[in-house]
Each structure stands twice: as C-alpha cells, then as structure tokens.
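Full structure from sequences and hints, please.
Sequences listed follow chains R and H, in order.
Residue 470 is where the first sequence ends in our numbering, and the numbering goes up by one at each step.
Residue 235 is where the second sequence ends in our numbering, and the numbering goes up by one at each step.
These aren't lab readings, by the way, just hints derived from the structure by calculation.
Watch out, some of these pointers could steer you wrong.
What the hints assert, rightly or not - Computed from the model, here is a short list of chain R residues facing chain H with C-beta under 8 angstroms:
1. Gly290
2. Gly406
3. Gly408
4. Leu413
5. Gly428
6. Ala464
Claimed, not checked - Interface residues of chain H toward chain R, partial, derived using beta-carbon atoms under 8 angstroms:
7. Leu25
8. Pro28
9. Thr29
10. Ile117
11. Phe120
12. Leu128
13. Lys140
14. Ala141
15. Val148
16. Val150
17. Val153
18. Pro154
19. Ile156
20. Lys161
21. Met197
Even for Gly, the Cβ is constructed at its ideal location relative to N, Cα and C.
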Amino acid sequence: MLKLVHAIISRDLRLAMRRRADIVSALFFFIIVVSLFPLGVGPEPELLRKLAPGVLWVAALLATMLSLPRLFADDHRDGTLEQLALAPQPLGLIVLGKVVAHWLVSGLPLALLAPVLGLQFDLSSDALWVLSSTLLIGTPALSGIGAIGAALTLGVRGGGVLLSLLVLPLYIPVLIFGAGAVDATVTGLGAQAHLSLLGALTLGGVFFAPWPTAAALRIALD
Amino acid sequence: MSNKQINWFKFASPQAFYPLAGRMIPWFWGLAAVFGIAGLYIGFLVAPTDAQQGEGYRIIFLHVPASWMSMFIYLVMAFWAGLGLAFNFRLSGMMASALAPTGALFAFLSLWTGALWGKPMWGAWWVWDARLTSELILLFLYVGFIALQSAIDDPRRADKAGAILALVGVVNVPIIYFSVKWWNTLHQGSSVSLTKSPSMAMTMLWGMLLCALACWMYAIAVALMRVRTIMLERERHTDWVRAELRELCEPAGGE
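Have a look at this one:
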C-alpha cells in the first residue's frame, strides 16, 4: 500500500521536475497578486498589517487553483489515467499519492515563500512564523478538496473557470481558520484554536477527498 | 421480488413517471395558490403590526419560507443525487437537475428580501452576519452545481458528476456554516443580533407556515414541470416521447 503511494508520489514529482516552469509560474502568480495589494490600498503599515493574513491566504487559494487542472489533465490526455484506473490497486490510494505530490510542488513552496512576502506587509516575526505554519498545515486540505473539483471537471469545456466555481466555496473554512490564526497572533490572542481546527480540516480533507475523487475519475473515464 | 416492490420502482422509469407528474402538477399549483392566498391574507390583513419593526417586518412572510426552502431543497437534491448514484436511476439525476434552479432562486430571493428587510431595520443592505454569509455560500454551491451540469454534454455523466458534487457539498455545508459562524463572532462581536422574537404572535406564525406550505407546493410543481421537460429532451429518441409529442401536436394539426 505504502509502496504504491510512494511510487505515485515519486513519479509525479519527477514529472513535475521536468516541467519546472509550471511550478515557478504558479509561485510568481502568488508573488505578483500579493504585491498588487499594497499598490491598490496604499502603503500604510497599519492597514497592511491588518490586511496581510487575508491577502496572503486568498492569494494562496488562487495560486493553488491555478495548478489544480494539471493534477489529472496530463495523465488523462496520454491515457495513463485509464491505466491507473484499471490497476488492481484501489484508485483512492493512487489519488492520495497524486494529492501529496501536488501539495509538495504547490502548497509547500507557498508556505516557504509566504514569510518573505509577509515582510512586505510589515508583519512581526511571530506572525510570520504562524503564517508559514498555517500554510503548511492548511494547504494539504486545498490539494485534497481541489482534487475532487479537478476530477469532476476533467475534460469538460471551460474546465478552469468551472473548477474555481466548484472549489472556491468549499475552501472557505480553510481560509477562515488559516487567515484567522495569523489575525489572532497579530491582535495578541493565541492561534492555538485556529491551528487545531485547521489541522482537523486538513486531516479530514486529505483522508476523505480521495473517495469522491476516485468516483469522479471513474465517471470521467466512462 | 414481491409485487409491492415492483410497484415502487415502476415510477422510477421516466416513461411511467411522465404522465403521473402531468396529473400531479395542476394539484400542486392549486394547493400553492390556496396556501399562498391564505398565507398572504393572514400576513397582510390579519397579522398585527409589529411593535418594534412596524410594517416592515411583513417581508418575513416571504423571506423566512424562502430561506427554509433554499436549504431544504439542497438536501432533497443531495438525496436524489445519492439515490441516483446508488441505484443508477435515470429519474434521480433528472430530479436533482430539475430542483437546482428552484433552490438557487429561493436562495437568491432569501438574500434579496433579507436586504430589503435589513435596510430599514439595520440601516444596511448587507452585513456580514453568519446567516447571510452562509446563505450566500449556499447560492454559490447551487451555481457551481448548475454550472457543472450544464458544462457536461453527456447527460448521464452530468448527472453523476453533479451527484458527487451535491454530496460533497452537503457534507461541507455544516462545516462551512459553523466556520462562518465562528468567524462572525470573532470579528463582529455583538454589533448585530438577529432578534427574531421567540414569542412571535400566533397569527404571524400561521401566516408564515401557510406561506411556507405555498412555497413547498410551488417548488414541487415547478420541479415536476421542469423534470417533464428534461425527460422529453433526454428521451427524445424513444418511442414513448414520439407518441407523447404526436399527441401534443395532434389537436393543433387537426384544426
């Protein structure tokens, strides 16, 4: 079981590494969106500190959305997905492997990059730490829930926009607790409760999402 | 297999359900009219003016039933969707897609009438109250469902994909509701509290219940009408639809 997941992860990572431009462009999208906000609302440090958690988190959601269609589309195009679905191993586990690989190339870099961007918003070092850890804890849930949407919109016309319509409302709890944790740290309340709930969302999301995703993939392949 | 079971499943086929739905529609329209007139009569003429809110409160006779319906229809839709996935009934998917626009309409109505009520009462068209926000998110979920179904050309695949989305949505609705509620209490404190007086006058309650029943009947009637159209559209290559259409066109052709 674990071996299968491991094999899928290393395969997807290798494929992602051969097309680094995709990863880098999603990251730059994140950087650019975040940097646009101070230009839009003005450079007052007080205001920026207040806005930072929400802006960084919303930008992270959007950046994740950008990379989601690739989760299954390439494999679908060259027929690999059909072979995977025919394999005797449960499709859910294969999906889990793909979700983990997706997180490693999309969520993890965002979490590592976010503190640097947080500096632009004059966040304290405490808040930067919390920001980074919320993204670290919360982005796996984004990859998991996003996989459902990616599977549902596989091969559908207008897939990209449709995907955001389906997935963004489901991301709201993650956004609330992720941005809320940073906000709580900035205002001096503890972030403990938010982090626990965020962890619960991630565990639930990553654990349950592979099932509907696998079902949706089978429908798409029919 | 007992005889009874066969009877139950008989109406799962569109061919059997189509005439049944046709016979039921006028009844539901009639009931909707009766309940609607009775409810509005009580609401506008019998119910007393509210001591705090004046005449403006009377919008709740539409607002509250609309929000109830918007939430309930999502559940019904998810129920049909689950049934369709489990038993592979063609009718279930059609019912789910027939219900979605009505649910979205009620969600929108609830937001709209809520805004009309909020302006005189709270002094704002919109506040980020937990209920308003979750109703808005519910509308987004409906829109996502409709968009997904209309983007997929193959109706069978559209039904199944929509079913999965509806089930995922129904699992998420409580999570979304509680997270929004929590977010709301953290950010807003007690600036706005929805004071639905618990000791609502009996007449008001009756008016509201009658209006809710009217909305029920309306929703059922409209969903049945829509499902009949969907049936004709999807099964247009079958013999029974041809026969049905010939019958429809005959009087016009004969004259």
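We went through each hint and held it up to the structure:
Look at glycine 290 of chain R: its Cβ only gets to about 22 angstroms from chain H, farther than 8 angstroms, so that hint breaks. Below 8 angstroms, beta-carbon pairs count as interface contacts, and glycine 406 of chain R has one with chain H at about 6 angstroms; its hint therefore holds. Evaluation of the glycine 408 of chain R hint against chain H yields a violated restraint, the C-beta minimum of about 11 angstroms exceeding 8 angstroms. Nearest Cβ of chain H to the Cβ of leucine 413 of chain R: about 5 angstroms, under the 8 angstroms cut. The hint holds.
Taking 8 angstroms as the C-beta contact cut-off toward chain H, the hint placing glycine 428 of chain R at the interface holds, the least distance being around 7 angstroms. Below 8 angstroms, beta-carbon pairs count as interface contacts, and alanine 464 of chain R has one with chain H at about 5 angstroms; its hint therefore holds. The criterion of a C-beta within 8 angstroms of any C-beta in chain R is not met by leucine 25 of chain H, whose closest approach is roughly 41 angstroms, and the hint is violated. The criterion of a C-beta within 8 angstroms of any C-beta in chain R is not met by proline 28 of chain H, whose closest approach is roughly 40 angstroms, and the hint is violated.
A hinted interface residue such as threonine 29 of chain H counts as satisfied when its beta carbon comes closer than 8 angstroms to some beta carbon of chain R; here the least separation is about 39 angstroms, so the hint is violated. Given the 8 angstroms rule on beta carbons, the hint for isoleucine 117 of chain H holds: about 5 angstroms separates it from the nearest Cβ of chain R. Checking phenylalanine 120 of chain H against chain R by beta carbon gives a least distance of about 4 angstroms; that is within 8 angstroms, so the hint holds. Taking 8 angstroms as the C-beta cut-off, the interface hint given for leucine 128 of chain H holds, the closest approach to chain R being about 6 angstroms.
Checking lysine 140 of chain H against chain R by beta carbon gives a least distance of about 5 angstroms; that is within 8 angstroms, so the hint holds. Using the Cβ-Cβ criterion of 8 angstroms, the hint placing alanine 141 of chain H at the interface with chain R is satisfied: the shortest such distance is roughly 5 angstroms. The beta carbon of valine 148 of chain H comes within 5 angstroms of a beta carbon in chain R, closer than 8 angstroms, and the hint placing it at the interface holds. The beta carbon of valine 150 of chain H comes no nearer than 12 angstroms to any beta carbon in chain R, farther than 8 angstroms, and the hint placing it at the interface is violated.
Below 8 angstroms, beta-carbon pairs count as interface contacts, and valine 153 of chain H has none with chain R, the closest being about 10 angstroms; its hint is therefore violated. The beta carbon of proline 154 of chain H comes no nearer than 10 angstroms to any beta carbon in chain R, farther than 8 angstroms, and the hint placing it at the interface is violated. Interface restraint check for isoleucine 156 of chain H: the shortest CB-CB distance to chain R comes to about 6 angstroms, inside 8 angstroms, so the restraint holds. About 10 angstroms separates the beta-carbon of lysine 161 of chain H from the nearest beta-carbon of chain R, more than 8 angstroms, and the hint is not met.
At its closest, the beta carbon of methionine 197 of chain H sits 30 angstroms from a beta carbon of chain R; the interface hint therefore is violated under the 8 angstroms criterion.
When the structure is compared with the earlier hints, violations turn up for hints 1, 3, 7, 8, 9, 16, 17, 18, 20, 21 and for no others.
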